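K.L.:
Sequence:
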Amino acid sequence: MMRTGNSGFSATGLRRLREVLARHVESGRIPGLVALVSRGGETHVEAIGTMRHDGGPPMRRDTIFRMASTSKPVSIAAAMVLLDECRLRLDDPVEPWLPELADRRVLKRIDGPLDDTVPARRPITVRDVLTSTFGLGMDMTVLGTPIMGAIFEQGLTPNLPEPMPEPDEWMRRLGTLPLMHQPGERWQYQISSDLVGVLVARVTGQSFETFLRERIFDPLGMKDTGFHVPADRIDRLPTLYAPDPKTGEFHVWDEAEGGRWSRPPAFQGGGGGLVSTADDYHAYFRMLLNGGMHGKERSCPGPPSS
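So for the sequence shown, the UniProt record's numbering puts the first residue at 1; every next one is plus one.
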């Protein structure tokens with residue numbers, strides 16, 4: 001347990017927090033965890049359990065985690081910076097940067113054949129991409145349909161163990177598919193978040209990670225956040241497990257050494273590709289709570305003034 005400051009947290013509350021967290025580890029459902037609570041200028045951190053189900057090193061405050069979908073709010077900040085600088089505008093079509101999405105066709109029925117389509121009523125805009133309403137995404141209510149089958153077959157989602165292709169190839173594949181819904185019509189999960197990264201890279205002429213590092217990570221001191229774990233830090237990355245849905249038995253889904261995050265990926269996925277630590281993630285959300293400010297520096301657009 002680590003703590004800074006002498007006020008702001010009650011001893012009883014912290015004890016209850018630790019008891020609740022410890023029960024999850026003691027139950028065997030997870031091998032370990034790191035939790036951070038912040039109030040004002042004070043921070044309390046709990047590191048409980050180990051990095052593997054069969055033991056291994058203890059969890060530490062600086063353990064590096066695969067952030068999965070909690071990558072999304074961090075990644076969107078890059079696009080917000082470009083909006084703030086007027087390098088992107090919400091209602092501009094994305095075609096100048098993403099020509100693969102020009103002249104879209106839309107399925108007549110979401111469960112219909114891929115060639116039974118109508119023209120999109122309007123171009124896809126920056127707003128559509130940032131609000132996950134550009135017309136294509138993950139929809140678990142229509143698994144088994146031709147369009148969902150095509151999304152998986154084309155490798156458009158971050159399904160382990162197969163990596164996603166490099167961005168230009170990913171965009172080429174995306175551009176071969178019809179939309180599931182008209183642009184702006186319905187929110188859909190995942191694909192828009194990965195598309196944001198490609199959009200940022202093409203607008204800036206930098207890799208998505210380079211832009212994030214220069215404009216978000218480095219200014220906030222997020223030194224352990226990125227799209228892979230360097231060799232000199234790989235011992236801080238736990239094994240990733242997935243439970244068998246029938247037996248509940250845990251199977252290794254990704255090892256640290258030699259695993260997916262042990263080397264730079266071909267596709268820097270804003271929807272689920274980041275790794276980070278509790279302290280790095282805390283730095284990002286403190287910046288948001290401070291209206292985009294980190295100390296005296298502005299790291300991200302804040303809320304509009306009244």
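A portion of the hints provided could be inaccurate.
Computed beta-carbon distance windows for the label pairs [claimed, not checked]:
no.	residue 1	residue 2	range
1	R61	E214	38 to 44 Å
2	S262	R109	38 to 44 Å
3	P264	E95	28 to 34 Å
Straight-line distance between alpha carbons at most 20 Å, and here's what the computed DMTMM-like set of lysine to aspartate or glutamate pairs gives [claimed, not checked]:
no.	residue 1	residue 2
4	K223	E297
5	K223	D279
6	K223	D92
7	K108	D62
8	K223	D235
9	K108	E185
No wet-lab data here; the hints were simulated from the structure. No experiment lies behind these values; they were computed from the predicted model shown. The C-beta atom is built at its ideal place from N, Cα and C for all residues, glycine as well.
K.L.:
The structure should be examined with respect to each hint, and the outcome stated for every one.
P.N.:
Status of the hints after comparison with the structure:
1. A beta carbon spacing of about 26 Å between R61 and E214 contradicts the range 38 to 44 Å that was offered as a hint.
2. Separated by about 43 Å at the C-beta atoms, S262 and R109 satisfy the suggested range of 38 to 44 Å.
3. Checking the proposed 28 to 34 Å range against P264 and E95 shows it holds: the Cβ atoms sit about 29 Å from each other.
4. Of the supplied pair hints, the one linking K223 and E297 holds, its CA atoms being roughly 18 Å apart against a limit of 20 Å.
5. Simply put, K223 and D279 have alpha-carbon atoms about 10 Å apart, close enough for the 20 Å limit, and the pair holds.
6. A C-alpha spacing of about 34 Å is found between K223 and D92, which places the hinted pair above 20 Å, so the restraint is violated.
7. Between the alpha carbons of K108 and D62 the distance comes to roughly 50 Å, so the proposed pair goes past 20 Å and is violated.
8. For the hint pairing K223 with D235, the CA-to-CA distance comes to about 16 Å; that is within 20 Å, so the pair holds.
9. Among the hinted pairs, K108 with E185 is consistent with the structure: their alpha-carbon atoms are about 14 Å apart, no more than 20 Å.
In terms of the numbered hints stated before, the structure departs from hints 1, 6 and 7, listed from lowest to highest.
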